[in-house]
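J.: Here is how the chains run, residue by residue.
Protein chains: 2
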Amino acid sequence: MEKKAIIVIGDGMSDRPLKELGGFTPIEIARKPHMSQLAKEGECGIMDPIAPGIRAGSDTSHLAILGYDPYAYYTGRGAFEAAGIGLDVEKGDICFRCNFATVDENTFIVKDRRAGRIREGTHLLAQAINGMEIEGVKIFFKESVEHRAGLVLRGEGLGHRVIDADPHQEGVKVHTVEAIDPSDIASQKTARIVNEFVKRSFEILRDHPLNKERKSQGLPPANIVLPRGAGTAPHIPSFEERYGLKGACIVEVGLLKGVGRYLKMDVIDVEGATGSLDTDEQAIARASLEALKNNDFVLCNVKAPDVAGHDGEPYKKIEAVEKIDRMLGTILSGIAPHNTIIVLTADHSTPVIVKDHSGDPVPIVIWGEGVRTDEVNSYGERSCARGGLGRIRGLDIMNILTNLLSIQEKFGA
Amino acid sequence: MEKKAIIVIGDGMSDRPLKELGGFTPIEIARKPHMSQLAKEGECGIMDPIAPGIRAGSDTSHLAILGYDPYAYYTGRGAFEAAGIGLDVEKGDICFRCNFATVDENTFIVKDRRAGRIREGTHLLAQAINGMEIEGVKIFFKESVEHRAGLVLRGEGLGHRVIDADPHQEGVKVHTVEAIDPSDIASQKTARIVNEFVKRSFEILRDHPLNKERKSQGLPPANIVLPRGAGTAPHIPSFEERYGLKGACIVEVGLLKGVGRYLKMDVIDVEGATGSLDTDEQAIARASLEALKNNDFVLCNVKAPDVAGHDGEPYKKIEAVEKIDRMLGTILSGIAPHNTIIVLTADHSTPVIVKDHSGDPVPIVIWGEGVRTDEVNSYGERSCARGGLGRIRGLDIMNILTNLLSIQEKFGA
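Line order of the protein sequences matches chains Z and W. Numbered by the working numbering, the letters in the first sequence go through residues 1 to 413 in order. Numbered by the working numbering, the letters in the second sequence go through residues 1001 to 1413 in order.
What the hints contain is simulated information worked out from the structure, not anything from laboratory work. Warning: the hint list may mix true and false statements.
Said to hold, decoys possible - List time: in silico DSSO-like cross-link candidates among lysine-lysine, alpha-carbon distance up to 27 Å: (1) Z:K142 / Z:K111; (2) Z:K3 / W:K1019; (3) Z:K410 / W:K1355.
What the hints assert, rightly or not - To give an idea of the interface, some chain W residues facing chain Z are shown, with a C-beta separation under 7 Å as derived from the structure: (4) R1016; (5) I1054; (6) R1055; (7) A1056; (8) G1057; (9) T1060; (10) H1357; (11) G1359; (12) R1382; (13) S1383; (14) A1385; (15) G1388.
A virtual CB, placed ideally from N, CA and C, is assigned to each residue, including glycine.
Make the full structure from the sequences, and use the hints.
T.: As structure tokens, then:
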């Protein structure tokens, strides 16, 4: 039976010592028997997702952890967001993030950039807009959560160096999109198409029944689409091409689903996985065990600790860590131990005191047959720093794993 | 008196924890007073020959340890193998590995890819073949061990992107060599020359007296040469050019002798150095001490632990480590201690359980005046991981050494 591997990522789980926790970090304080079992039986270290001190995003960090250098492959979040909401994205497509917004019907002054944080019915609005063709360019449009949506342009001779239609503030007019460099003909073409798309979106949405109803309820109508953040979809070899491994992703947020879909991994949705502190970690554990049966490799990301970090809530972060520990317990009791490598780490630190991603390294443990067990007995930012792995980078992880799985080509003779 | 340095490499010596050794590695279990003296008095760490997780060959690893980035300089083993058997190789030469083989004299179907693993008299066959010139291209050919040989083409307008003449199986015809890309004129020229070379090798060998004798003894005649693995010889600056150091190599296997010759180091053959478990480590120690008198730098590689690793023999590997320890004892008692830096490491791990090279890091100790002694008291994969060097790479070693030797140019002001 072939060896398998699972990488468990506590999103933003790593932190800094906190005064209110007596100088300890949330991971250090948490009750975490299974994490510390991994540390005791495995090989520990600290990991810089990109490089020491660099503040990683979740997308760039996951690319690195999966062995894709983000400096070579990352062209912005647009392509991954679009893939994440289920749009089909191909190399060379121009991708945008969009908001449904409310504009004055005569002046096109933005009254609400989020159309009252509209939640219901955006799929109907998106269906009405999707499927245009302008100047021979195919246009794909799909709703995301709340007021958010994705836009993909596919055609010849398109550039991505254009300004946003979204003015990023209320009380001003929708921007007429222009090429950043006036001599860039490809981006000029994109600009023309986006302007026409925005105009048509207004014409379609203005009188849409859903908006009539919103008006009658005193809600701001979602009467325009405002694209922003243009990026060209990069060419990235699929995970299976790269490693010869069948890989699955169990991740909660759209951006990371997009990364998984972009790498042509099997992206598995789990009922009860909310991406929030109330997520059903046992459902994620069961789905991970099931995914390990049908795949060689599983990446599992739990978002809760990142949410607590962004919210600046140390005790909620401790609870999120304990949730992941219980999830690991279920995974540990369900795997074939002689046959499975487990990696436990975070994609970046989201320190409670920073309320955002930071460039601090994250603890990592690699557990399974063949690893050089060290003297670390507890999982944590500082205990793992004394481990046998030393200080590695996100891009090292897949090399270390394919070595342990005995599937790596030798470099040289 | 100038400082000197010696790097002692236990080939493939590093390993993984083994159940049959109580969870220890062969190095950890071995009796190794001199290795542990180095660890106690020196500065320890772990070293990735190429990068974390990457499975290094002996050739790529030695290039890195000698300060040559294999991603920049390595074009395949052919050039080093050819240099290793004593062929003169220049930048741009096209190098092949070859077998003496047995073909049916009428159909050219390969009957034995190794000509009955011929051992005796191949130097006579090689002499008969060596020295051709085809289309103005000079051809150098020399026997290696057993049925193996090397081939070098030197001339204008040659490419290396050709298929092998060797079909890599018996019962099929010798391949007519072709350029991989039909529009690649340089490789087409190489293909024509190799085909003519193979044909002429057959004409010369078919009636060679040695083959007549083999036939009369019922042995398969070595009646053809089958080239494979074409590669262009890279330009690599010599060791002395690079460092201003006079360097010597005491290595047992042809491939590494080739690396040393390619770098224009003094490659010293040692009687009794067999490249096997029965090697005379005291002869190697004496030769190393002698070489240190006449050189600034000596690289010494003992192959035995790698052999035991490939064979999956933990106790033989322990014996090989102990052999190297005794060798170190002799070296330690013969050097000028205030004047000599010793590096002890491995070129890669060859875990008994993997029976091949792996990407696990290797222990390293740097010993001599000026190093920052740490608290590690034993040489081993896991004890050294707690050392002051941390986790370094093969390419770092020569920089660390030239720093300790005080011969490195300052970068900046």
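J.: If a hint holds in the structure, say so; if it does not, say that too.
T.: Here is what the structure says about each hint:
1. Z:K142 / Z:K111: Roughly 23 Å separates the two Cα atoms, so the pair holds.
2. Z:K3 / W:K1019: With a Cα-Cα distance of about 18 Å, the restraint between Z:K3 and W:K1019 holds, given a limit of 27 Å.
3. Z:K410 / W:K1355: Satisfied, since the Cα-Cα distance of roughly 13 Å is no more than 27 Å.
4. R1016: holds, 5 Å
5. I1054: holds, 6 Å
6. R1055: holds, 5 Å
7. A1056: holds, 6 Å
8. G1057: holds, 2 Å
9. T1060: Since chain Z brings a Cβ to about 3 Å from W:T1060, closer than 7 Å, the hint holds.
10. H1357: holds, 6 Å
11. G1359: holds, 3 Å
12. R1382: At 6 Å from the nearest chain Z Cβ, W:R1382 passes the 7 Å test, so the hint holds.
13. S1383: Where the cut-off is 7 Å and the nearest Cβ of chain Z is about 10 Å from W:S1383, the hint is violated.
14. A1385: holds, 4 Å
15. G1388: At 12 Å from the nearest chain Z Cβ, W:G1388 fails the 7 Å test, so the hint is violated.
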